[in-house]
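Undergrad: Here is how the chains run, residue by residue.
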Amino acid sequence: MSHFSPIRRSPLLAAYAALVFVFIYLPLIVLILYSFNRDGVGGFPPQHLTLDWYRQLFADGPIWDSVLNSLLVAAGAVALSLTLGLLAALALDRASFPGKALFRRLVLLPLILPGIITGLSLLMFAVLSGMQLSLVTVFLGHGTALISVATTELFAGLQKTDRSQEEASLDLGATPWQTFWRITLPNLKLSLVAAGLLIFTLSMDEIAVTFFLIGRDNTLPLEIWGRLRRGITPEINAVSTLIFAVSVALIIIWYRIRTRGIGAEAQQRLERP
Amino acid sequence: MYSRAYKTIVSAPPLLWVSLFLLLPYALMFAHSFWAVQDGALVHHWNIDNYRKLLANPLYADVLFRTMRIAASVMLCSLLLGYPLAYYLSFHSGPRKELLYQLVIVPLWVSYLVRGYAWKTILGSEGVLNGFLQYAHITHAPVGFLLYSPFAVVLMLTHIYTPFVFLPIYASLEHIPRPLVEASQDLGAGPISTFFRVILPLSMPGLLAGATFAFVLSLGDFLAPLLVGGSSGTMIANIVQTLFGAVYDWPLGAAISVCILLITLSLLFLTERLEKRWSFR
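Chains U and R, in that order, give the protein sequences.
Its first residue numbered 1, the first sequence is counted upward by one per residue in the working numbering.
Its first residue numbered 1, the second sequence is counted upward by one per residue in the working numbering.
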């Protein structure tokens with residue numbers, strides 16, 4: 001595709017694309033800029049740059065408690081959704097069972113439906129089954145909703161792997177259990193890491209489902225949400241800037257892993273006779 | 001090649017889990033919409049009064065129409081921003097393509113809340129935009145109508161969903177065989193005619209997927225209105241959220257949720273059919 005020459009140079013289109021990039025990034029740049037502004041969020045231009053808001057942020061107990069809560073929930077959600085997503089991907093790839101088409105759609109629903117629908121459904125389920133709303137319900141909600149992401153990523157990973165390796169392993173006398181640990185899982189390593197990172201990021205940022213399942217202890221997004229009602233200070237800009245930085249870092253790692261996976265796959269295809 | 005035991009072991013746990021924690025909760029939503037509240041307590045008395053209430057009170061239809069207008073505006077705006085961007089990247093960006101692509105998808109995964117909050121600080125009457133307008137002597141007093149309006153909701157959601165819309169469009173543009181485009185030009189079609197008769201029809205599946213995504217997710221959004229919408233920007237999901245919270249009428253809230261769910265699912269179904277019609281492979 002690289003030899004394809006552009007239809008013609010179009011500065012107008014390029015300028016328009018540049019404007020769209022400005023639209024996408026300007027709010028984020030403003031957000032970051034004002035986290036260093038001594039006089040609060042607002043006013044122009046920002047004057048008296050300071051790190052005070054970051055200092056205040058680092059001394060802010062409730063924020064760091066909520067960060068810890070979010071980390072716990074995200075770690076749990078990654079473990080739960082990867083385990084079930086892996087099984088679901090294997091089932092979709094290799095087993096046939098009644099309702100398979102329905103199952104495939106059902107798993108993906110939380111990704112497609114507005115968060116409020118999934119959040120409220122889970123709330124009703126929690127209340128009916130007598131569960132106290134707490135970080136546990138949030139973890140169950142995230143873990144369940146994100147099976148969709150795990151299944152999609154891992155199913156794509158399975159489709160790329162070479163099934164003859166597993167056949168050979170089974171033919172040579174390994175048990176299905178050994179084959180799973182020694183062939184299937186190692187072949188999926190990149191997909192597992194990529195899916196895990198993505199699920200972690202999504203869980204750390206999730207707010208619509210969490211909103212309805214949260215108990216007394218807040219996750220980080222809910223803690224910020226609560227503070228927004230009391231008015232805005234650059235401390236929120238500071239914490240948002242840090243979230244942004246961490247998200248970007250995780251996404252870049254995720255993207256690297258994925259492209260490396262694609263690169264490896266392309267190479268494999270080249271090396272095959 | 002896989003034994004029956006293997007197949008059972010891999011399919012049973014996710015099947016059970018998803019039935020219990022996903023299918024059952026969604027079914028509960030349907031069930032609640034046919035129940036009632038008496039003296040502040042839920043009673044499992046089957047009836048269709050909740051749906052009657054929705055039809056009888058024009059307030060619900062009004063808010064639903066406003067919500068659909070907002071969702072349609074978001075869809076249109078994100079298409080107007082996302083499509084040309086995808087087209088530029090796919091056909092005109094040259095060697096910077098990969099970098100630019102990554103620049104679009106990074107914000108895709110960056111916190112909804114962070115992006116919403118950024119708009120709140122920009123649009124407020126004490127906000128950054130007003131500060132700038134007065135600094136540049138364009139206005140002399142703060143402009144108040146920016147924040148807490150349907151406009152702010154559309155702006156914020158467009159900002160969030162433009163990358164979402166971009167992604168499937170870009171993917172379908174990348175799949176267009178380049179010789180088709182060259183052939184169209186060799187046969188004498190100008191760039192505009194080539195775009196409308198070759199490129200646009202072939203990118204239709206991506207365009208539809210992106211448009212549906214933006215519409216559906218905006219339709220059920222309740223956070224943007226709370227953050228930047230104010231009372232004039234209230235959307236249908238805010239009513240649901242109030243019914244589940246302060247008002248405590250879960251059955252009525254569930255009935256509205258079911259309506260949102262049905263609109264969403266029928267749209268997805270429709271898009272899937274259309275996508276199949278438009279796809280060229």
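Heads up, a few of these hints could be off.
Stated by the list, open to error - Simulated coverage check for chain R against chain U, where a stretch passes if three residues somewhere in it have a Cβ under 8 Å from a Cβ of chain U:
#, region
1, 15–21
2, 34–40
3, 45–59
4, 66–78
5, 87–94
6, 110–124
Quick caveat, the hints were computed from the structure, so don't treat them as lab data.
Note that the coordinates shown come from a computational prediction; the quantities given were computed from them, not determined experimentally.
C-beta atoms are modelled at their ideal positions from N, C-alpha and C, and glycine is treated no differently.
Undergrad: Which of the numbered hints above does this structure break?
TA: Violated hints (numbers, rising): 2, 3 and 4; every other hint is consistent with the structure.
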